[in-house]
Amino acid sequence: MISSAHAATEAHAQSSGLPQFDSSVFGSQIFWTIVSFLVLMYLLKRYVIPAIGDILDNRSKKIGDDLQHAEKARQDADRLLVAYREQMERARQMAAATLEEARLEASAMRDQALTELGEELAKKRAAALDEIERARVQAMEDVQAAAVDIAMLATEKLIAKSVNRAKAEEMVKDAVSHLEQNKASLH
Amino acid sequence: MATDMVVATLIGVGMGHYLDEWLGLHPWMTVLFFLFGAVAGFRAVYRAAQEGSSQAP
Amino acid sequence: MLLTTTAISVDAAHAAAAAAPRMDPLHHFQVVKYIQMAPFGLDVSISNSVVWMWISLAAVFFFFRYAFRRPEMVPGRMQSVAEAGYLFIRGIVDENIGPSGKPFFPMVFTLFFFVLFCNWTGLIPGSFTATSQLIVTATLALGIFFLSIFLGFYKHGLKFLGFFVPSGLPVLLLPLMVPIEIISFLARPVSLSVRLFANMTAGHTVLGVLFFFAATLPWIGSWLPFGFSVVFTAVEIFIGFIQAYIFTILTCVYINDSLHLHH
Chain A
-6 MISSAHAATE AHAQSSGLPQ FDSSVFGSQI FWTIVSFLVL MYLLKRYVIP AIGDILDNRS
54 KKIGDDLQHA EKARQDADRL LVAYREQMER ARQMAAATLE EARLEASAMR DQALTELGEE
114 LAKKRAAALD EIERARVQAM EDVQAAAVDI AMLATEKLIA KSVNRAKAEE MVKDAVSHLE
174 QNKASLH
Chain B
20 MATDMVVATL IGVGMGHYLD EWLGLHPWMT VLFFLFGAVA GFRAVYRAAQ EGSSQAP
Chain C
180 MLLTTTAISV DAAHAAAAAA PRMDPLHHFQ VVKYIQMAPF GLDVSISNSV VWMWISLAAV
240 FFFFRYAFRR PEMVPGRMQS VAEAGYLFIR GIVDENIGPS GKPFFPMVFT LFFFVLFCNW
300 TGLIPGSFTA TSQLIVTATL ALGIFFLSIF LGFYKHGLKF LGFFVPSGLP VLLLPLMVPI
360 EIISFLARPV SLSVRLFANM TAGHTVLGVL FFFAATLPWI GSWLPFGFSV VFTAVEIFIG
420 FIQAYIFTIL TCVYINDSLH LHH
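Sequence lines, in order, name chains A, B and C. For the first sequence, position 76 (counting from the first letter as 1) is numbered 69 according to the numbering used here, and the numbering increases by one without interruption. When you read off a place in the second sequence, starting at 1, and then add 19, the result is the number in the numbering used here. When you read off a place in the third sequence, starting at 1, and then add 179, the result is the number in the numbering used here.
Treat the hints with caution; some may be incorrect.
Computed list of lysine-lysine pairs in DSSO-like fashion (alpha-carbon distance at most 30 Å, straight line) [to be verified]:
1. A:K54 / C:K281
2. A:K160 / A:K150
3. A:K55 / C:K281
Calculated from the structure, these hints are not laboratory results.
Let's have the full structure, built from the sequences with the hints guiding it.
Shown next as structure tokens:
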């Protein structure tokens, strides 16, 4: 059927030049061009164009949102950085202040300790001096008492019997040894 | 561009011929409208050339 | 594959005439009615031209449906191409009509891809190029022409007739200028349709001749025309795009003129 139709139309075309000017095929092509165009336009308008438009709109919206988010994140980061720096600065100042305070306190404590130590030492020294003084006085008193004892003893003996020289020396020696005995007991 | 030229001229001739048939003025309207068509064609080519190359063939 | 299909169609065309193969590139444009029907006197016969028009339009529709079967925020390759096509048409509409062109976007979009895919499917060997039929391009162009006239009168009423009267001209020149303006206006649909038709016919005729030589010349002699035909097919792909682009741009220009009347 196709080839016979072909042959028929070809014969027709032979007489009129370009096959495009064969008016016997105009009507159907006009009709189908109009119908096909309208159908395609309907289909594209219904199923294709909104889909593409939506995607493009969504994308540009998403890109805008993303940019906004990124900007916000950047601002947040900036704020955090500033806050962090402030905190660091505060901490540094606090540390310096604490250190200074500790230094002052330590030096105060040292001064106080030195003062106290000095006072203690002075007190101890005074106490020792007192002790020594007391011992000296005691010793003096002891010596004095011993000398009196010796003198009284010697006098007693001298008075009791007249002694010769040799006897006297012996008596003094005796007294001295007595004294020495006393002295030993003194200590 | 060549298409614009030829088409405008042919339309001019066609209109002139039709007017001649109607008014019985052979061949004056045909000649006059041939000139009009040629001018319109030249103008179309000139404009296309001025606007740039977007409408070249 | 290219060679065999061409050879077969050449054979088929001439088997009936019982003649040796001869060069007849024009038979590519021969409309063949597969099914004849004319209910109520309206010729709605289905021919190879109509079938290939449908194939082209189905290709447009299913290309976009396929590209957007699962729309992604970050588009894949097909989706990128489809989006580029969409943005391309939107750019043309915005540039040539402006914001008031938004309602015409679906029509312009359809028109561009209608013409583009008809031009391109015609490059498949053994196919038929619907846009190489003057009556098809004329139907589209006249549709646009009448749409622009309708828009002009709808938006501006009788002031639209001022479109044919150039402003700022001496009254004496008006009898000269008005016919010229009318001719220019009438020439629009004609040159619009003839340009597309002529480009498609010329390109496919050259391709047909090259393929004919490639198919019929002896072995070695066929390689040169075959190489040419490959190169020229690439050129035709480009021309098919350019012609669809021009057709679309001029449509927008005409709609814009009717909407805005600055002439």
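**Proposed proximity, K281 of chain C with K54 of chain A (alpha carbon, max 30 Å)** = 20 Å, holds
**Asked** Does the alpha-carbon distance linking K55 of chain A and K281 of chain C stay inside the 30 Å limit?
**Response** The given pair, whose Cα atoms are some 23 Å apart, holds under the 30 Å limit.
**Asked** Does K150 of chain A lie within 30 Å of K160 of chain A when you go C-alpha to C-alpha?
**Response** 10 Å, holds
In terms of the numbered hints stated before, the structure departs from none.
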